[in-house]
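All residue numbers for the sequence shown refer to this note's numbering, where the first residue is 1 and numbers rise by one.
If you're looking for bench data, these hints aren't it; they were derived computationally from the structure. Think of the CB as a built atom: it goes at the ideal place given N, C-alpha and C, for glycine as much as any other residue. Hints are supplied without guarantee of correctness; some may be wrong.
[As the list claims (entries may be wrong)] Simulated crosslink set (DSS-like; lysine-lysine; CA at most 25 Å straight-line):
1. K32 with K231
2. K231 with K249
3. K209 with K113
4. K316 with K249
5. K231 with K301
6. K32 with K245
7. K231 with K311
8. K186 with K315
9. K245 with K315
10. K249 with K59
11. K315 with K301
[Claimed, not checked] Here are the simulated distance ranges between beta carbons:
12. T167 with E312: 36 to 42 Å
13. Q255 with D47: 39 to 45 Å
14. G254 with G199: 34 to 40 Å
15. E77 with S146: 33 to 39 Å
16. W314 with I221: 22 to 28 Å
17. N94 with E176: 24 to 30 Å
18. H289 with T162: 24 to 30 Å
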Amino acid sequence: MLDPKFSTYSNKAAKAMDDAINAPLARHTTLKIGGEADRLCQPHTKDELVELIDGLNTKGEPWFILGGGSNLLVSSEGFRGTVIRTTNLLEITNPEPGVLVASAGARLPHIAKFAASLGLSGLEFAVGIPGTVGGGVIMNCGAHGSSMSNIFVSALVFDTTTNELKTMSKDDLAFEYRRCRLDPAKHVVVEARFKMEQGAREDIERKTKENEEYRFRTQPIGTPNAGSTFKNPDPQRTAGFLLDKAGAKQLQEGQAGVSSLHANFVVNLGGATSNQVTTLLRRMQDRVHEEFDVHLSPEWKILGHFTDSEKEVWKKS
Numbered sequence: 001m002l003d004p005k006f007s008t009y010s011n012k013a014a015k016a017m018d019d020a021i022n023a024p025l026a027r028h029t030t031l032k033i034g035g036e037a038d039r040l041c042q043p044h045t046k047d048e049l050v051e052l053i054d055g056l057n058t059k060g061e062p063w064f065i066l067g068g069g070s071n072l073l074v075s076s077e078g079f080r081g082t083v084i085r086t087t088n089l090l091e092i093t094n095p096e097p098g099v100l101v102a103s104a105g106a107r108l109p110h111i112a113k114f115a116a117s118l119g120l121s122g123l124e125f126a127v128g129i130p131g132t133v134g135g136g137v138i139m140n141c142g143a144h145g146s147s148m149s150n151i152f153v154s155a156l157v158f159d160t161t162t163n164e165l166k167t168m169s170k171d172d173l174a175f176e177y178r179r180c181r182l183d184p185a186k187h188v189v190v191e192a193r194f195k196m197e198q199g200a201r202e203d204i205e206r207k208t209k210e211n212e213e214y215r216f217r218t219q220p221i222g223t224p225n226a227g228s229t230f231k232n233p234d235p236q237r238t239a240g241f242l243l244d245k246a247g248a249k250q251l252q253e254g255q256a257g258v259s260s261l262h263a264n265f266v267v268n269l270g271g272a273t274s275n276q277v278t279t280l281l282r283r284m285q286d287r288v289h290e291e292f293d294v295h296l297s298p299e300w301k302i303l304g305h306f307t308d309s310e311k312e313v314w315k316k317s
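Whenever a hint applies, use it, and build me the whole structure from the sequences.
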């Protein structure tokens, strides 16, 4: 239950408290797993977002930024703190030719289709990624041979260590495969600026649609999942390929199973727990290690209480 210390905020920040206390998180994650958070907040503006985080830090209360709820495993025991959803921060603008600026909560499929409608090329890869701009920048999300870093110009970031809003460039973020220099526990992406190439709208829309259709053909869209489970260990051998060859599609733990459509997708067959999922991930890692002597690292982040044994799944080799 909510701790009594979760109480007083300014009027502006209080407007963000419009959802719930002791809020079940399963409904806000694409895997449909997760216990209760002490409080769930949904800021309506960038100012509310910043003031809310500042207030929580001042009080020493834990918080977590939640975007689209993909690439995330929430403990079935929940999270002792405030979860801040960026679901209301959806603005996408085209301030100058070839440039898009998108708020943290803007969905990647939406911004990809918006770019295509303007004849801007560069975001076609993102149409099948069920995440948001904020998480996409932090994780340097990618698909179809491209990634966020290829079009990224800068981001407005709230640095909670200094309580400053600052603009950070591509060099500042030092992008790598599925990561960048930003620490999501300290840095909050408020909005991001992207630069793209002008092209033929019909061609860009066609490519965007092809990528979207590819996702529907090759991924378990109709069953709750958190997106790609493991990072690719190298460019030549994808995690899906290694898992498939190791026979991982046969694996199931309770109500958590490996998709028969794509071996790098774990699905919730109905009522799966975070412990079942974590156990399944360990078994998948073991299969690949035994077969190929390769350690797979999860793409997903975790939130809430996990045992030391469960956390071993997220340790690098």
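Hints and how they fare:
A C-alpha spacing of about 21 Å is found between K32 and K231, which places the hinted pair at or below 25 Å, so the restraint holds. Simply put, K231 and K249 have alpha-carbon atoms about 17 Å apart, close enough for the 25 Å limit, and the pair holds. Pair hint K209 plus K113 holds up; C-alpha atoms about 9 Å apart against a cutoff of 25 Å. For the given pair, K316 sits about 23 Å from K249 by alpha-carbon distance, which is consistent with the 25 Å threshold.
Proximity of K231 to K301 is assessed by CA-CA distance (about 12 Å); at most 25 Å being required, the pair is judged to hold. With a CA separation close to 28 Å, the supplied pair K32 and K245 exceeds the 25 Å bound. Between K231 and K311, the direct Cα distance comes to roughly 17 Å. Compliance with the 25 Å bound is thereby established for this hinted pair. Taking the CA atoms of K186 and K315, the gap is about 21 Å. The hint holds against a cut of 25 Å.
For the proposed pair K245 and K315, the alpha carbon gap of about 23 Å is at most 25 Å, so the pair holds. Between the alpha carbons of K249 and K59 the distance comes to roughly 46 Å, so the proposed pair goes past 25 Å and is violated. Of the supplied pair hints, the one linking K315 and K301 holds, its CA atoms being roughly 12 Å apart against a limit of 25 Å. For the pair T167 and E312, the supplied restraint of 36 to 42 Å holds, since their beta-carbon distance comes to about 38 Å.
Taken as a hint, the range 39 to 45 Å holds for the pair Q255 and D47, whose Cβ atoms sit roughly 42 Å apart. At roughly 48 Å, the beta-carbon separation of G254 and G199 lies outside the given 34 to 40 Å, and the hint is violated. Remark: the range hint 33 to 39 Å for E77 to S146 is upheld by a beta-carbon distance near 37 Å. About 26 Å separates the C-beta atoms of W314 and I221, a value consistent with the hinted range of 22 to 28 Å.
A hinted range of 24 to 30 Å for the beta carbons of N94 and E176 is consistent with their spacing of about 29 Å. Taken as a hint, the range 24 to 30 Å is violated for the pair H289 and T162, whose Cβ atoms sit roughly 41 Å apart.
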